[in-house]
Amino acid sequence: MLLAWEVVEIATSCTNAVSRREGSRRVHVCGTRAARIERVGRGSTTRSKGLFLILRTISMLALCVGMSAALPSCASSSGRNDSGRSTRLRAGDIELAVAEVKLDLAESSFITSRDKASTKVRLVPSEMENLSSDRMSRIDRWSAVSRVLFDPSMQQLLATKNVDLFMPRDAALLLTRFGTESDRDARVAPISIDESPDFSPTHTFAGKILSITRAASQDANAPADQRQEVVRVEYSIIELASRKVEWSGAHEFKRTASGLLID
Amino acid sequence: MNQLDSNYEPRQKVDAMQHRKIGLRRSASRAVIGLLLAACLGTISFGCQGYQRDVDVISEVRAGEFGAARMLASNRATRNPSDRSYMLDRLKVMLLEQADGVPQAAESSADALYDFLRTQGVNRDNTVTSFFIGEQGARFWKGEPFEQAMAYHAIAVFDATRGDWGNVRAGVTNSLFSLRDFSRTLANVNSLSTRRDTSLSQQDWSTDPDTAERVSLMKTAAKAEKNGSADGLATYTPARSDFEIGYAMRAIASRHLGLREDMNESVAALSAMRPEMATLASTIASGRYNTILIVDYGLAPRKVGTGPDNAIAVFRPITASDSSPLNVRVAASSLNFPVTTDVNRLARDLKWNNLEDLRRAKSLIGDVLLVGGAAVALGAKDDEAKLAGAAVAIAGLIMKATSAADTRHCEVLPQRVYIAPVWLEPGLNMVELSIGGRARLVIPDVPGPPAGRVFARYARLNDKMGPWATSGVVRYSNDVSGETRTPATVGMNNEQGVPFASSARLASLPYILGGACVRVPTDRLLTEYQQAGFLRGVSLNDLVDLYKSEEIWIDGLSPEPGPRRHILEGGSSLFTPEAGSTGFVRLFCQQHQTYSPRSSRVQELAAQIRVQLFGGETVAQLP
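Taken in order, these protein sequences are the chains called A and B.
Using our numbering, the first residue of the first sequence is number 164, and each one after it goes up by one.
Using our numbering, the first residue of the second sequence is number 107, and each one after it goes up by one.
Honestly, the hints are just simulated from the structure, not real lab data.
Think of the CB as a built atom: it goes at the ideal place given N, C-alpha and C, for glycine as much as any other residue.
One thing to keep in mind: the hints can contain errors.
To spell it out: a stretch of chain B is covered by chain A in this simulated footprint if at least three of its residues, at any positions, have a beta carbon under 8 Å from a beta carbon of chain A; those stretches are [as the list claims (entries may be wrong)]:
| no. | segment |
| --- | --- |
| 1 | 269-278 |
| 2 | 649-656 |
Residues from chain B that keep clear of chain A, each with C-beta distances beyond 12 Å, as calculated [unchecked claim]:
| no. | residue |
| --- | --- |
| 3 | 230 |
| 4 | 265 |
| 5 | 319 |
| 6 | 431 |
| 7 | 645 |
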């Protein structure tokens with residue numbers, strides 16, 4: 164490898180090489196090093212020039228072969244999961260949506276019009292419905308709703324508004340198993356109503372994620388290499404008896420990625 | 107003269123020194139050239155390495171032995187995520203795990219694979235590298251477009267069997283990407299071919315229509331490029347996907363999610379592209395089904411290098427295409443379903459191939475350089491030109507050697523896929539699948555879904571499956587069937603070889619203790635064992651500890667890494683494969699070896715049970 168690099172060095176330093184004739188002698192000058200090599204006789208001179216040519220050609224190949232050994236390892240680290248190469252949802256996207264929707268809910272008339280003396284609301288979240296163009300794990304879908312309701316500040320607020328929160332048992336277990344539950348003290352809904360006659364949700368907190376995909380290329384003849392995803396996360400509180408939507412909120416964001424879709 | 111003479115000697119010395127330097131440099135250069143030539147040879151040999159299909163895995167797949175196949179594939183898969191074939195290995199393992207009915211094992215592969223498929227420009231940085239060491243060594247395997255679509259479909263099947271229709275829709279939507287239609291370029295090729303192209307016709311590969319088509323396209327592209335006009339490989343019409351299975355699955359998922367418009371669009375596309383599927387499309391739209399059977403058959407075509415410098419990749423069928431329908435018998439009804447997607451067709455279609463233009467251009471440049479370089483080297487009058495020509499020829503040789511097509515492919519993909527929406531009654535159903543008299547699978551105990559729900563079941567058929575495929579009798583108690591009525595696992599014979607004890611009780615005795623029950627331990631199951639007269643005074647923890655002492659992985663109770671080979675097949679995992687899967691049938695519809703306990707605790711308990719049951723008579727394997 165060292166030898167190869169030496170050759171590369173010679174070749175690159177001789178890129179400005181010039182030949183000139185001094186009487187019967189041909190003088191070959193490597194410009195950058197100002198190295199002066201003089202040969203006697205035409206044969207050796209042409210061999211020398213040939214040698215430089217061959218060295219230059221092969222050294223460039225050597226450089227490329229050497230680089231080819233190095234490039235894959237570079238590519239391996241950058242080939243996948245790079246930002247800007249995928250429009251897949253990230254945890255941060257959901258966090259932003261959750262933060263915005265929490266504020267929206269806190270300021271909504273559904274909350275502000277209530278107080279401690281209002282009729283009790285038993286609110287149960289349901290799994291977020293994925294209508295987007297990307298897979299979303301079950302844990303992410305549950306997290307996206309539980310993080311709105313089971314945020315400590317939101318729980319405090321809801322407690323002052325006579326709103327009880329319940330978490331479906333399966334979902335609570337799932338969230339606990341993955342260590343993403345917002346509050347370990349959150350009340351878990353019983354397995355069935357038979358076990359607890361008091362448990363009877365009046366409202367459900369539902370979420371939905373939708374997206375619109377656009378794929379194109381900068382050059383009309385080239386395969387698509389740009390993808391844009393406009394994602395909308397919607398939340399709503401529905402009164403179960405009347406199916407009336409008591410509150411709804413949404414957050415939109417855009418994600419773009421470049422690089423050949425097919426590759 | 108004197109001055110000249112006086113200068114002459116020192117000049118001679120200088121020359122001598124310079125000659126020595128030149129001599130040293132020449133020696134070094136020769137050494138360098140030698141090393142470089144060796145490197146070139148290494149590169150050439152590296153470039154010539156083709157993809158080796160895993161024949162052992164293929165052999166197991168043909169026999170429907172997906173348990174053995176998935177373990178082989180898993181053990182041979184690279185563990186290095188930066189390996190260029192990492193995702194190819196993950197896809198193979200995932201497909202085999204699905205076929206074996208163990209989605210819990212396939213989950214991590216499905217997630218990683220989906221993430222990878224959705225990442226754009228994975229090989230963006232590998233252009234230069236692939237030029238010199240060949241695609242196979244430089245590029246991450248992402249598969250031809252049809253392989254990518256099939257991978258998305260496989261992930262959607264995984265989600266469908268778990269009832270996750272939102273993810274199914276997302277997965278298959280990604281499989282319906284736009285394609286590149288080169289038919290106009292090919293039409294130009296055909297119109298030009300009246301002037302006979304002798305260079306092409308002299309080659310053997312011209313007899314193969316697929317290769318000839320590709321060579322024509324490549325030559326047209328090269329000529330166009332040379333003439334300064336638009337590159338033939340860039341002259342295409344964007345075409346809508348004709349991935350039938352993608353539309354069918356999207357229609358099913360959309361219907362389930364209540365997205366009527368989406369469903370209608372998919373159903374219309376399916377009917378328009380394949381009129382013979384109009385009935386299937388209308389069944390999907392009608393919703394008169396509660397179970398979707400997704401059935402794979404055969405093996406996908408093999409990818410080989412052909413044409414000049416083996417630079418052109420073509421797919422050769424392994425399982426021949428035909429239009430044999432899938433016959434599904436459920437109770438008294440018998441229905442036929444057409445082939446939804448033929449993978450041989452996709453592989454043959456230029457639209458569904460990547461057409462690595464760099465590879466072809468590289469091959470072309472290699473040819474040009476080789477011919478030009480050799481010609482210069484042979485015909486030149488001076489050394490300089492000869493050396494320059496030789497250098498160019500070496501460069502050409504390297505490029506030729508590395509121009510061979512990347513022949514990596516997923517050899518365990520199916521040849522065809524069927525979609526069969528059927529109605530299953532509540533409770534357990536017997537479902538019989540057959541394809542043209544070549545492959546038949548009788549699946550007992552397929553649960554009908556609860557009212558208002560739609561379940562997806564996945565089965566994979568092959569034509570060399572063993573007698574277990576058609577026995578239709580569950581021999582082991584499992585978590586889907588419950589207690590089996592025909593536990594013929596172990597026979598209880600007296601010394602004269604005459605069965606004297608009812609084997610029915612064995613259905614409620616753990617397999618590791620000599621019985622025929624391979625259910626995951628629960629309180630309820632322990633009660634059942636105890637009601638049958640076994641394991642009295644044993645707690646659930648004690649029962650789980652028995653499995654632990656045998657180092658057995660238990661589904662739902664043991665941590666990662668998930669199920670490996672089942673204990674019935676000599677492995678160390680206790681789980682029930684997905685109902686309706688080929689793995690379920692293979693595992694429970696044939697007789698397996700009697701379990702040999704390893705721990706003294708289980709050995710003693712098993713001996714006690716034998717005494718308790720049969721007064722010390724031996725427990726023998728039935729023939």
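Each hint tested on the structure:
1. With a cut-off of 8 Å between beta carbons, the segment 269-278 of chain B has 6 residues touching chain A; three or more are needed, and the interface restraint holds.
2. Here the segment 649-656 of chain B counts 0 residues with a CB under 8 Å from a CB of chain A, which misses the bar of 3, and the coverage is violated.
3. Consistency note on residue 230 of chain B: stated as away from chain A, yet its beta-carbon is not over 12 Å from all of that chain's, at 5 Å minimum.
4. Residue 265 of chain B, annotated as away from the interface, has a beta carbon of chain A within 12 Å; the closest lies near 7 Å.
5. For residue 319 of chain B, the non-interface assignment is confirmed: its Cβ lies about 20 Å from the closest Cβ of chain A, beyond the 12 Å cut-off.
6. Listed as a non-interface residue, residue 431 of chain B keeps its Cβ farther than 12 Å from every Cβ of chain A; the least gap is roughly 32 Å.
7. For residue 645 of chain B, the requirement that its beta carbon stay farther than 12 Å from each beta carbon of chain A is met, with the minimum near 23 Å.
Violation of the numbered hints given earlier is confined to hints 2, 3, 4; the remaining hints are satisfied by the structure.
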